[in-house]
Amino acid sequence: MSFSIAAEPIDLSSLSMAMEDPACGAAVWFEGRVRNHNEGRAVLRLEYEVYTPIAISEGLRIIEEARQRWAVRRAVAVHREGLLALGEVAVVVGVASAHRDEAFQAARYLIDEAKARLPIWKREHYVDGEATWVNCQRCGHARGG
Amino acid sequence: MSFSIAAEPIDLSSLSMAMEDPACGAAVWFEGRVRNHNEGRAVLRLEYEVYTPIAISEGLRIIEEARQRWAVRRAVAVHREGLLALGEVAVVVGVASAHRDEAFQAARYLIDEAKARLPIWKREHYVDGEATWVNCQRCGHARGG
Amino acid sequence: MKTVCIRYFAAFRDAAGVSEETVNSNATTLSALFRERAGAHTALHEETAAKVALNDVLADWSDTFENGDEVLFFPPVAGG
Amino acid sequence: MKTVCIRYFAAFRDAAGVSEETVNSNATTLSALFRERAGAHTALHEETAAKVALNDVLADWSDTFENGDEVLFFPPVAGG
Numbered sequence: 001m002s003f004s005i006a007a008e009p010i011d012l013s014s015l016s017m018a019m020e021d022p023a024c025g026a027a028v029w030f031e032g033r034v035r036n037h038n039e040g041r042a043v044l045r046l047e048y049e050v051y052t053p054i055a056i057s058e059g060l061r062i063i064e065e066a067r068q069r070w071a072v073r074r075a076v077a078v079h080r081e082g083l084l085a086l087g088e089v090a091v092v093v094g095v096a097s098a099h100r101d102e103a104f105q106a107a108r109y110l111i112d113e114a115k116a117r118l119p120i121w122k123r124e125h126y127v128d129g130e131a132t133w134v135n136c137q138r139c140g141h142a143r144g145g
Numbered sequence: 001m002s003f004s005i006a007a008e009p010i011d012l013s014s015l016s017m018a019m020e021d022p023a024c025g026a027a028v029w030f031e032g033r034v035r036n037h038n039e040g041r042a043v044l045r046l047e048y049e050v051y052t053p054i055a056i057s058e059g060l061r062i063i064e065e066a067r068q069r070w071a072v073r074r075a076v077a078v079h080r081e082g083l084l085a086l087g088e089v090a091v092v093v094g095v096a097s098a099h100r101d102e103a104f105q106a107a108r109y110l111i112d113e114a115k116a117r118l119p120i121w122k123r124e125h126y127v128d129g130e131a132t133w134v135n136c137q138r139c140g141h142a143r144g145g
Numbered sequence: 001m002k003t004v005c006i007r008y009f010a011a012f013r014d015a016a017g018v019s020e021e022t023v024n025s026n027a028t029t030l031s032a033l034f035r036e037r038a039g040a041h042t043a044l045h046e047e048t049a050a051k052v053a054l055n056d057v058l059a060d061w062s063d064t065f066e067n068g069d070e071v072l073f074f075p076p077v078a079g080g
Numbered sequence: 001m002k003t004v005c006i007r008y009f010a011a012f013r014d015a016a017g018v019s020e021e022t023v024n025s026n027a028t029t030l031s032a033l034f035r036e037r038a039g040a041h042t043a044l045h046e047e048t049a050a051k052v053a054l055n056d057v058l059a060d061w062s063d064t065f066e067n068g069d070e071v072l073f074f075p076p077v078a079g080g
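These protein sequences, in sequence, are chains E, F, Z and V.
If you read the first sequence in this note's numbering, its first letter stands for residue 1, the second for the next number, and so on.
If you read the second sequence in this note's numbering, its first letter stands for residue 1, the second for the next number, and so on.
If you read the third sequence in this note's numbering, its first letter stands for residue 1, the second for the next number, and so on.
If you read the fourth sequence in this note's numbering, its first letter stands for residue 1, the second for the next number, and so on.
Warning: the hint list may mix true and false statements.
As the list claims (entries may be wrong) - No farther apart than 27 Å at their CA atoms in a straight line, the calculated lysine-lysine pairs in the DSSO-like style are these:
id, chain 1, residue 1, chain 2, residue 2
1, V, K2, V, K51
2, Z, K51, F, K115
3, E, K115, V, K51
4, Z, K51, Z, K2
To be verified - Covered, in the sense of this in silico footprint (three residues per stretch, anywhere, with C-beta under 8 Å from a C-beta of chain E), are these stretches of chain V:
id, region
5, 2-11
6, 51-57
As the list claims (entries may be wrong) - Covered, in the sense of this in silico footprint (three residues per stretch, anywhere, with C-beta under 8 Å from a C-beta of chain V), are these stretches of chain E:
id, region
7, 53-67
8, 114-120
9, 129-135
Worth flagging that the hints you see were computed from the coordinates, not collected in a lab.
C-beta: ideal position from N, C-alpha, C; glycine also.
Go ahead and model the full structure; you've got the sequences and the hints to work with.
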């Protein structure tokens with residue numbers, strides 16, 4: 001069980017090795033990638049700001065919650081921080097269990113809770129030069145850069 | 001969109017490349033692996049028999065059904081045939097879409113339908129020397145081998 | 001009387017003791033053909049989740065078949 | 001009067017114009033402290049989904065704080 005924050009591209013094959021377990025018949029992976037559009041605007045790149053101490057403690061808590069609810073044997077999650085280009089993997093969640101139902105449900109839980117609860121903020125840089133913190137309704141838009 | 005049957009170990013990194021698409025913010029992968037136990041018995045290895053012409057035509061039909069129901073942009077599936085050792089990946093399903101909800105739902109649909117509908121049979125070889133076709137209630141047990 | 005080539009897979013092959021055979025049959029439907037073969041191969045039993053294909057296309061058990069067709073008998077798949 | 005170190009993240013940092021500051025406050029709860037800072041930084045507004053942490057542990061807005069504490073103000077996260 002691990003949760004980490006990465007400044008460099010995520011190495012899926014080494015994560016995959018950490019998930020190997022002969023008692024597991026199922027593994028589900030979720031990859032969140034930088035998409036070229038959001039709400040109708042063309043995105044150029046993304047920037048993630050992470051407050052690491054609480055991202056990790058809360059990330060491990062979410063994994064523990066999933067283990068309490070489903071028969072999860074392995075779980076890993078990694079989130080990038082800093083600037084990411086289009087198509088780059090921003091977040092990976094992996095869950096392995098004996099049967100597939102638990103793996104699907106736990107993977108979905110991990111990514112949903114991680115997106116809702118971790119102190120990780122996303123700033124979209126658009127093709128037109130603007131940049132905005134996503135989902136901060138009243139914070140105003142920070143322009144440029 | 002592709003569905004294939006593989007006699008050799010599945011190369012996840014080349015599959016992963018086929019799933020790259022800058023319009024996709026989400027990718028979900030399911031891996032089915034050879035588990036070391038089933039219904040209380042210790043499994044030594046698995047054998048998959050596949051009737052390839054219909055496995056492929058029906059597999060492509062399942063992918064097409066998923067595309068009709070969800071906004072799936074990429075989908076790949078590969079199933080192994082022949083003898084597999086413990087821990088080996090027997091089946092992989094991958095789906096990429098703009099948002100994660102579609103990717104999770106479509107990946108679950110693909111693996112559930114593939115397991116229910118494709119002419120692929122699994123024979124478990126147990127540590128005690130027996131071997132059984134799984135889920136064939138009245139066929140009797142084929143012993144040995 | 002029609003002549004068909006029948007192929008058995010997985011547990012059905014073990015039960016029939018052959019992987020394929022060419023038979024002459026008076027059956028009209030695929031399910032009647034299967035019952036005829038179950039009479040010839042005593043270990044071969046009907047299975048509710050079994051499937052049948054005709055010339056590489058999945059078929060219904062109530063479908064008829066023609067002289068020279070290839071019939072595939074699929075035992076239940078592993079599922080879960 | 002308590003002295004606390006406050007750190008602002010993401011959109012809150014842009015709104016406050018500083019990433020951290022040490023302030024003296026008469027506020028008793030974390031939400032009162034935030035409102036005090038919103039009075040000092042006119043672009044800083046309350047957000048329903050904002051969170052607060054005290055000494056690297058998530059806290060409730062109704063929690064009190066002590067002299068010398070470090071307070072972290074987190075704007076809403078990206079979610080979906």
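Results for each hint:
no.	hint	verdict
1	V:K2 to V:K51	holds, 21 Å
2	Z:K51 to F:K115	holds, 14 Å
3	E:K115 to V:K51	holds, 14 Å
4	Z:K51 to Z:K2	holds, 21 Å
5	2-11	holds (count 3)
6	51-57	holds (count 4)
7	53-67	holds (count 4)
8	114-120	holds (count 6)
9	129-135	holds (count 3)
Every hint from the earlier list agrees with this structure, and none is contradicted.
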